[in-house]
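Which chain is which? The protein sequence lines are A and B, in order. For reference, each letter of the first sequence is one residue, going 999 to 1377 in the numbering used here. For reference, each letter of the second sequence is one residue, going 5 to 263 in the numbering used here.
Careful, some of the hints might be misleading.
Said to hold, decoys possible - Using C-beta positions, here's what the derived DEER-type ranges look like:
# : chain 1 : residue 1 : chain 2 : residue 2 : range
1 : A       : Arg-1267  : B       : Val-73    : 21 to 27 Å
2 : B       : Val-183   : A       : Ile-1152  : 53 to 59 Å
3 : A       : Gly-1375  : B       : Ser-29    : 21 to 27 Å
4 : B       : Phe-120   : A       : Ile-1118  : 57 to 63 Å
5 : A       : Gly-1375  : B       : Asn-44    : 27 to 33 Å
6 : A       : Leu-1115  : B       : Gln-146   : 19 to 25 Å
7 : B       : Asp-83    : A       : Val-1357  : 50 to 56 Å
8 : A       : Arg-1267  : B       : His-74    : 22 to 28 Å
Said to hold, decoys possible - Heads up, simulated DSSO-like pairs for lysine-lysine below, C-alpha to C-alpha not over 27 Å straight-line:
#  : chain 1 : residue 1 : chain 2 : residue 2
9  : B       : Lys-63    : B       : Lys-198
10 : A       : Lys-1139  : B       : Lys-60
11 : B       : Lys-136   : B       : Lys-84
12 : B       : Lys-63    : B       : Lys-170
13 : B       : Lys-136   : A       : Lys-1243
14 : A       : Lys-1243  : B       : Lys-170
15 : A       : Lys-1139  : B       : Lys-53
16 : B       : Lys-131   : A       : Lys-1243
17 : B       : Lys-53    : B       : Lys-84
18 : B       : Lys-53    : A       : Lys-1137
19 : B       : Lys-198   : B       : Lys-136
20 : A       : Lys-1139  : A       : Lys-1243
21 : B       : Lys-131   : B       : Lys-170
22 : B       : Lys-60    : A       : Lys-1137
23 : B       : Lys-198   : B       : Lys-170
24 : A       : Lys-1243  : B       : Lys-63
Hints in this document: simulated from the structure, not taken from any laboratory. Beta carbons are placed, not taken as given, at the ideal position from N, Cα and C, and that holds for glycine.
Each chain, letter by letter, is given below.
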Amino acid sequence: MTADSPADPAASAQEEDERLKDISRLRKALIRPELGAISGAILVFVLFGIIAGDSGMFSAEGILNWSIVSAQFIVIAVGACLLMIAGEFDLSVGSMIGFSGIIIAIFSVHLGWPVWLAIILAFVMAMAIGAFNGYLVIKTKLPSFIVTLAFLFILRGLTIFLAIATTRKTIIGGVRDVAEGDWLAPLFGGKVLTGLFSWFAEQGWISTFTRGSRAGEPIVDGIPMLIVWAIALVIFAHILLTRTKFGNWIFASGGDAQSARYTGVPVDRVKILMFMFTAFCATVFATAQVMEFGSAAADRGLLKEFEAIISVVIGGALLTGGFGSVIGAALGAIIFGVVQQGLFFAGVESSLFRVFLGVILLLAVILNTYIRRMITGER
Amino acid sequence: MAAPLIEMRDIEKHFGSVIALNGVSFTVNAGEVHCLLGDNGAGKSTFIKTMSGVHKATKGEMFVDGDLVHFVSARDAIDKGIATVYQDLAMIPLMSVTRNFFMGREPTRWVGPLRFVNFSEAHRITKEQMSKIGIDVRDPNQAVGTLSGGERQTVAIARAVYFGAKVLILDEPTSALGVRQTSMVLKYIDMVRKRGLGVVFITHNVRHAMAVGDRFTVLNRGQTLGTATRAEITPEELQDLMAGGKELAVLSETLGGTV
Chain A
999 MTADSPADPA ASAQEEDERL KDISRLRKAL IRPELGAISG AILVFVLFGI IAGDSGMFSA
1059 EGILNWSIVS AQFIVIAVGA CLLMIAGEFD LSVGSMIGFS GIIIAIFSVH LGWPVWLAII
1119 LAFVMAMAIG AFNGYLVIKT KLPSFIVTLA FLFILRGLTI FLAIATTRKT IIGGVRDVAE
1179 GDWLAPLFGG KVLTGLFSWF AEQGWISTFT RGSRAGEPIV DGIPMLIVWA IALVIFAHIL
1239 LTRTKFGNWI FASGGDAQSA RYTGVPVDRV KILMFMFTAF CATVFATAQV MEFGSAAADR
1299 GLLKEFEAII SVVIGGALLT GGFGSVIGAA LGAIIFGVVQ QGLFFAGVES SLFRVFLGVI
1359 LLLAVILNTY IRRMITGER
Chain B
5 MAAPLIEMRD IEKHFGSVIA LNGVSFTVNA GEVHCLLGDN GAGKSTFIKT MSGVHKATKG
65 EMFVDGDLVH FVSARDAIDK GIATVYQDLA MIPLMSVTRN FFMGREPTRW VGPLRFVNFS
125 EAHRITKEQM SKIGIDVRDP NQAVGTLSGG ERQTVAIARA VYFGAKVLIL DEPTSALGVR
185 QTSMVLKYID MVRKRGLGVV FITHNVRHAM AVGDRFTVLN RGQTLGTATR AEITPEELQD
245 LMAGGKELAV LSETLGGTV
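Chain A on its own, in the form it takes in the complex:
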């Protein structure tokens, strides 16, 4: 029972708690949600600097190689990150990537639509499916894990069916030809700063092709748009999350949906919008991939949902929502990309990739849990 003495002002007037130790400034600066991911990133860069430093991994070409892979992870991790902070999962990201790609290819190559229209259609359809995912989660109150797991299968099956029903193939090529001269396609498949890189080559800072039809051109001739998308999405999502009203609502929806509702936060709207944003990110990934390869395949994006979630978790987000960081998720994605490509550069047996990844995941999560407890006072 709780006895009480309400007329005892001395008891609670001074809350100077002698049991609370002063935390040093350095320690305070270190206690950030991203700390695990920052340490992990430093670790992998140092490690590969040592074991693969002379393999060309850190030449212009090598950097571009793992940057593209990292950017792919970043694009989907940013969506998964905001959604996870809002308290939900999306396991259909990988299937959504395959679906969006096939939609673009079917409409542009098979049905002869302009490529820009096919891309916009893919975005609209993916985001509508994302919204429907969110709507189902809200209305049925089922865990999003189950609802989106269902869509993992539904979308993958539908993608293969659509591809075969229209073209009798699961890989639809010829997108590059129809995308020639399109105004929207270069936004996903193009490159920026090409002039700058030619100039770099003229200065002899980056190597050039010495033979073949492209002799004299720089090996790295620009920054692929996917990297630009990754950077833009990270900046956008980070500012949205930490600086805006809506960002506060994302944290609130994931932290405790009921409390958030009672203070007037439109939790349902926030969650549905986050499902749509995840679908948007998946479609950015899909479009860039289709433009890069010039083809769409029904099996693209397999397991991407888990890679996105792993990046986010390495980045310090809480699986149950309400806590996390976009910068952390981006670093998690970079760790992922660098490890995957670095092992290739180092000539290590590629099956060890998963071993390495598992170890990093475990270490990062242990460190993150410890940091989070310090920040939030969880016990």
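Take the given structure of chain A and dock chain B to it, following the hints.
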């Protein structure tokens, strides 16, 4: 005398075939603490959820400042100055004190075409409001999870007061707290009353109720057993009313008066 801040008249609430409330009348005036007592299942929660717009009454009328109102959502009640602080749901522990304090009402400023939360302003107000109620927040960025249960309740009440609530509905604010923290919350309830707000204090602890209450209404099985002022009733009578009488009195004797 002015019209009560809130008047509930013959409220009934049915959930399917279950009659949760069967004609409950209740008023709250400015500057008073009206305690709503009752054992588990008496209908306290249903009643305050009706008052705060979460449930819609099946029958009965509700007046705010003498005007008839029909709440469709909790938002409507908040707009009328009726703020509810729920026991477990007062704050989100993972988020910072500032983010909690301004949740849903974040102050913003324009930077060019973009609208951002004005965090420097928000931090300043949070710190100022916290020091007013005697909670020393070293860093408004610290998570609410680092505060004690009593502090969380107090911050939640302070938030409602800061945002202009006229009536506070407190759902068992003290039931999960220790001795010192309870006294901290009760002291703050008293402060709020002196500022002229009306407080509806839900509890099943008679001693907490007697400590700050001006009037007492006991709910039992969806009906009021009457309302009494402080002078008219003793803690023992309240306890008996709440428990529905005799059995508890007998039990209380065998337990040496500790119930």
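| query | Which numbered conditions among the earlier hints are violated in the structure presented, ordered from lowest to highest? | reply | 3, 4, 6, 9, 24
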